[in-house]
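With the hints as constraints, model all of the structure from the sequences given.
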Amino acid sequence: MAATAPLPRTERGARRRLATAVAPLLLLAACAAEGTTASPGTGLDGSTPSLAPTTTVGAAPIESVLRTRPFEVAHEQRTYIDDTRSTRAYDALPQSDVRTLVTELWYPADAPGTVPLVVFSHGVAGHPDKFSMLFEAWAAAGYAVAAPAFPLTSQGATPGLGGNDLANQPDDVSFVLDSVLAEAGAGGPLDGVIDPERIGVAGLSLGGMTTYAVAFGGDQYRDDRADAVIVMATTPAVPEGELDLAHGLPLLILHGSADPIFDVAAAQGAYDAAVAPRALVVLDGQSHAPPFEDDPTPVDDEVRSMTVAWWDRWLGGDADASDRLLEVPSRSAGIDLTADLTPRDRPGGVDRAG
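Residue numbers (the working numbering): 1407 to 1760.
For the record, the hints were derived by calculation from the structure and aren't laboratory data. These numbers were taken from a predicted model, which means no experiment stands behind them. Backbone N, C-alpha and C define an ideal beta-carbon position, used for all residues, glycine too. Possibly wrong hints are sitting among the right ones.
Now the in silico label distances, taken between C-beta atoms and shown as ranges [as the list claims (entries may be wrong)]:
hint	residue 1	residue 2	range
1	E1648	P1595	38 to 44 Å
2	G1598	Q1501	24 to 30 Å
3	P1645	G1593	35 to 41 Å
4	R1473	P1696	29 to 35 Å
5	D1700	Q1501	30 to 36 Å
6	G1594	A1682	29 to 35 Å
7	S1738	G1594	39 to 45 Å
8	S1538	P1645	25 to 31 Å
9	G1691	G1562	29 to 35 Å
10	P1645	Q1674	21 to 27 Å
11	A1671	D1729	35 to 41 Å
12	D1729	T1474	20 to 26 Å
Subject to a maximum C-alpha distance of 25 Å in a straight line, what follows is the list of computed SDA-like cross-link-like pairs (lysine to any residue) [said to hold, decoys possible]:
hint	residue 1	residue 2
13	K1536	A1515
14	K1536	G1740
15	K1536	G1562
16	K1536	D1746
17	K1536	A1592
18	K1536	T1485
19	K1536	R1473
20	K1536	P1595
21	K1536	I1741
22	K1536	T1506
23	K1536	S1663
24	K1536	I1667
25	K1536	D1669
26	K1536	P1696
27	K1536	D1706
28	K1536	D1690
29	K1536	D1503
30	K1536	F1668
31	K1536	N1574
32	K1536	L1747
33	K1536	G1591
34	K1536	P1476
35	K1536	G1624
36	K1536	P1518
37	K1536	P1702
38	K1536	S1470
39	K1536	P1704
40	K1536	E1482
This is the structure we're talking about:
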């Protein structure tokens, strides 16, 4: 089945807050799950967080849901097809009249209520499969993850940096978000799993630039459903226009001090331009992608703990999660954390963190 058109991206700002009303109109392509698995949740420190009261959504308030973690983790694959936008020809790949987004879904299989959703963007020659340990940690902690493989920048799609498709990837993120939310309200394995009012966006390298555009870009890129942001090993960039890093979304930046692709100064500059709540984590001696992908590094546990704490604070409403974030560098060598975690209303005057 082909997917119907999302509205033009120039109408994105106001329309995105009405997404739950129009999402059931989307038809999903190849929605049958492939290789669903469940495994014990991993990646947490084993402690049960103290969660501040938040709005009750779905079968149980989010603080009650997260108290029952770690969860069993389910992993499925979907193929979402946007037939309103084309994919340009590049190298050996012919032009396509559609954009095909094979998407990996990780989510808590046994949560007693709805959970937040994070849409994750990989980098050039990247792939969602390279982040399985990170995604499993997030899902075990109570966060659903949707990670598309982008048509021109995923591993095996195109060689080298010539497949840069940054101008189109923010709309890919929004389309995947539309599609997952539509499925979550239409029966099947995702029905009753996802809270459409708690949305995170995250990404690495070129996927981090995609994430910056989705969270802080102009109307042609920004998706106003985003509530919290994590970027990894990247630089703030947008194909056209400017980023508004003072837009006010909670922003966590992680960067290796020995990154050979993007100097750590880019991360520092983004932190300086942002407003609270914001945090910059510099991983001493770490390179570009290994601290975030499945490659073993000395900071793997710390990266997972800090990113879970960020989602806990700004998607889960856990007021104590900021303390857990700040504690990680104090007990781990080689991690430098700069932060201003002052709560503030998100754009539009709605403070979803508490």
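Cross-check of the supplied hints:
{"no.": "1", "hint": "E1648 - P1595: 38 to 44 Å", "verdict": "holds, 40 Å"}
{"no.": "2", "hint": "G1598 - Q1501: 24 to 30 Å", "verdict": "violated, 39 Å"}
{"no.": "3", "hint": "P1645 - G1593: 35 to 41 Å", "verdict": "holds, 37 Å"}
{"no.": "4", "hint": "R1473 - P1696: 29 to 35 Å", "verdict": "holds, 33 Å"}
{"no.": "5", "hint": "D1700 - Q1501: 30 to 36 Å", "verdict": "holds, 33 Å"}
{"no.": "6", "hint": "G1594 - A1682: 29 to 35 Å", "verdict": "violated, 39 Å"}
{"no.": "7", "hint": "S1738 - G1594: 39 to 45 Å", "verdict": "holds, 41 Å"}
{"no.": "8", "hint": "S1538 - P1645: 25 to 31 Å", "verdict": "holds, 30 Å"}
{"no.": "9", "hint": "G1691 - G1562: 29 to 35 Å", "verdict": "holds, 30 Å"}
{"no.": "10", "hint": "P1645 - Q1674: 21 to 27 Å", "verdict": "holds, 23 Å"}
{"no.": "11", "hint": "A1671 - D1729: 35 to 41 Å", "verdict": "violated, 29 Å"}
{"no.": "12", "hint": "D1729 - T1474: 20 to 26 Å", "verdict": "holds, 21 Å"}
{"no.": "13", "hint": "K1536 - A1515", "verdict": "holds, 21 Å"}
{"no.": "14", "hint": "K1536 - G1740", "verdict": "holds, 24 Å"}
{"no.": "15", "hint": "K1536 - G1562", "verdict": "holds, 13 Å"}
{"no.": "16", "hint": "K1536 - D1746", "verdict": "violated, 31 Å"}
{"no.": "17", "hint": "K1536 - A1592", "verdict": "violated, 29 Å"}
{"no.": "18", "hint": "K1536 - T1485", "verdict": "holds, 18 Å"}
{"no.": "19", "hint": "K1536 - R1473", "verdict": "violated, 29 Å"}
{"no.": "20", "hint": "K1536 - P1595", "verdict": "holds, 24 Å"}
{"no.": "21", "hint": "K1536 - I1741", "verdict": "holds, 23 Å"}
{"no.": "22", "hint": "K1536 - T1506", "verdict": "holds, 20 Å"}
{"no.": "23", "hint": "K1536 - S1663", "verdict": "holds, 21 Å"}
{"no.": "24", "hint": "K1536 - I1667", "verdict": "holds, 18 Å"}
{"no.": "25", "hint": "K1536 - D1669", "verdict": "holds, 23 Å"}
{"no.": "26", "hint": "K1536 - P1696", "verdict": "holds, 10 Å"}
{"no.": "27", "hint": "K1536 - D1706", "verdict": "holds, 14 Å"}
{"no.": "28", "hint": "K1536 - D1690", "verdict": "holds, 22 Å"}
{"no.": "29", "hint": "K1536 - D1503", "verdict": "violated, 28 Å"}
{"no.": "30", "hint": "K1536 - F1668", "verdict": "holds, 20 Å"}
{"no.": "31", "hint": "K1536 - N1574", "verdict": "holds, 22 Å"}
{"no.": "32", "hint": "K1536 - L1747", "verdict": "violated, 30 Å"}
{"no.": "33", "hint": "K1536 - G1591", "verdict": "violated, 29 Å"}
{"no.": "34", "hint": "K1536 - P1476", "verdict": "holds, 22 Å"}
{"no.": "35", "hint": "K1536 - G1624", "verdict": "violated, 30 Å"}
{"no.": "36", "hint": "K1536 - P1518", "verdict": "violated, 29 Å"}
{"no.": "37", "hint": "K1536 - P1702", "verdict": "holds, 12 Å"}
{"no.": "38", "hint": "K1536 - S1470", "verdict": "violated, 31 Å"}
{"no.": "39", "hint": "K1536 - P1704", "verdict": "holds, 17 Å"}
{"no.": "40", "hint": "K1536 - E1482", "verdict": "holds, 15 Å"}
Of the numbered hints stated above, those contradicted by the structure are hints 2, 6, 11, 16, 17, 19, 29, 32, 33, 35, 36 and 38, listed in ascending order.
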